[in-house]
Amino acid sequence: MKLNRVGDIVILALSITLIALSLGTYKDFSGEPEVHVRTDGGEFIYDLDVDTFATFEGPVGETTIEIRNGKVHVHDSDCRNKVCIAAGWVSSPGDWIICLPNNVFVLIEGSLDKGDGGGVDDTAF
Amino acid sequence: MIPRSKTNGRIEFIALLAAFSLFLSTVEYMIPKPVPFMRIGLANLPLLIGLGLLDSREYILLALLKVLGQGLVTGTIFSYIVLFSLGGTVSSAFIMYVLFRYGRKWTSLIGISIAGAMASNITQLQLSRLILFGDAARLIAPPFLIVGLITSVILGVFAERFVETSAWYRRALEKQL
Amino acid sequence: MKTANIRLFTGLIALPAILLQDNPFGIMLQALYVIVLALTHGRKFRLLPNLILMLSVSSAHLLQPNGYLIVSIGSFPITLGALLLGLRKAFTLIALLYLSHYMVTGRPEFPGRLGKVISLQFYYFDKITSGWREITPKRPFIKAVDTLMLNLTEEKAASIMSIGKDEVVFNRRELLENILHTVVLWGLFLLGAWHILPTL
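Chains as they are written, first to last, in my numbering: chain X, 1 to 125; chain C, 126 to 302; chain R, 303 to 502.
Derived by calculation from the structure, the hints in this document are not laboratory data. Don't take every hint at face value.
Claimed, not checked - One-sided and incomplete, this derived list gives chain R residues near chain X with beta-carbon spacing under 7 Å:
id : residue
1  : Thr342
2  : Asn368
3  : Pro379
4  : Thr381
5  : Gly433
6  : Trp488
Glycine included, every Cβ here is placed at the ideal spot set by N, Cα and C.
Isolated chain X, as found in the complex (with noise of 0.2 Å):
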C-alpha cells in the first residue's frame, strides 16, 4: 500500500466502526411488539409503535381498538357490558383484552420489553 496517511487510517477506522453500528439493527428487528387482533374474520396485525384506530366486525356489531404512544385498548364496542372497554390499555408482550359477546381477541405478541410497563403497578414501599 502506497500513501497510507494518517488522515485515512482514521477515516477508514470510522468507516468501519459505523458499519458495526448499524448491523446492530439487526438485532432489533425480531422480537419488536406487535398487536394480534383475532376475530371471526381473521387474525389482524398491527404494530404496536404506530398510532391507528381499528375496527372489527363480530356476532353483536362493531368493536374499535385504538395504538397510541406504544400502548392499545379497546375504545368503543358495541357490546352490552363494555367489559373490554373497562380493561384499559396494555402496551406488555402478553397482556390481552377481549371481547367476548362481539369474538374480538386482543393480544400484544413479541420478545422485547417496554422498559417498565406492564402489570408492575406503584408497588409502594
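On the provided structure of chain X, position chains C and R as indicated by the hints.
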C-alpha cells in the same frame, strides 16, 4: 487561485470531466449486478481527479453536471431516483472538497474517496428510508455500506495512481499556474 | 414552446397526478399507461429489474405489519395493509420512472447557459465513447485514458455551435396526443380520489 482568464476554456474543461463521468456511469451500467441497488460509483472518479484541478464553484458545476447527465441518459431525471443521486453526490462532493481543501496534508485521495462514499451512501440510505422503504432501510444499510467502503478504497487507489502518473493531469495542472 | 419540449411539459403537468394518487388500482393503471407510453416511444421495458424493485419495496413495507393477516410464511406475517402500501409505493416509483423516460424521448433542450454546458457535456460524451473504441492498446489502462484525454483537449469545441439539433418536426398531432395523455393521467387520479375505483 485559478486564474479566470479563459472562462470558456474552463467551461469546456469541466464539460469534458463531466462527460467522462457520464462515460463511466454507462460502463458501470453494463456491469451485471446481483442486486440493482449496489452501486460501484465509477462515475465518481472524475470528481476525485477534479479535486486538484477545480475551484469550488467549478467543482459544484461538475457535481451538478454529473447528476444531470446521468439523469438524462438513464431517463430517470424526473423521478425519485434522481433525488437519491443528487443527495448522494451533493453530500459526497461537499465532504470531498472540504477534506481536500483543508486536509490535504493528512489524507490522500484514498481517504477522501472513502469519506465521500460514506457520505453519499448514508445520505442515500436516509432518503430511501424517508421516501421508499421506511425503517426497513436499516436492513440494507450494512451490505450497502460495506460494498461502498470496498469500492471507494479501490477507486481512491486508482485515482491516486492516475494523478501521479498521468501526463494529461500534469498538463492540466500546469495550465493554471 | 418548442416541439422538443412538449413531452417534457406534459410530464411535468402529469407529475402531481401520479404523486398524489392514493388508490392502489389508480396508481397501477397510471403506471401501466405510462409504461405503454414509454414503450411506444422507443424506451425498453425489462421485466426483471422492475420486478426486483417491486418485490424489495413491497417486502420492506411488509416488515411493519398492518391490517388483515393474509398468510403467514413461517412466522413472517403478510398483512394486507402493509402489502397495499408497499405496492402503491412501488407502482408510484415505476410510474415516475417511465414518465421520466417518456419526458426525455423528445430530446428536450434546456434553456440558458446550463443548457449549453449540458449539450457540451453530451458532445464530449459522444467523442469519448467513439474515441475509446479506437484506442487499441487499452493496457496499460492509465496510459490509454491519458492518450484519449490529451486528444480530446486538443479539439477546439468551437463546434459547440454545430451541435446537431435534431429537430422533431412540429405537428399538431404531437400536441394533441400529449394533451390526451395529460387528461388520461389526471382522469385516473380523479377516479381514484373520488373513490370510484375499488380500494379493496
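>> Run through the hints listed earlier and report the numbers of any the structure violates, in increasing order.
In response: Hints 1, 5, 6 not satisfied by this model.
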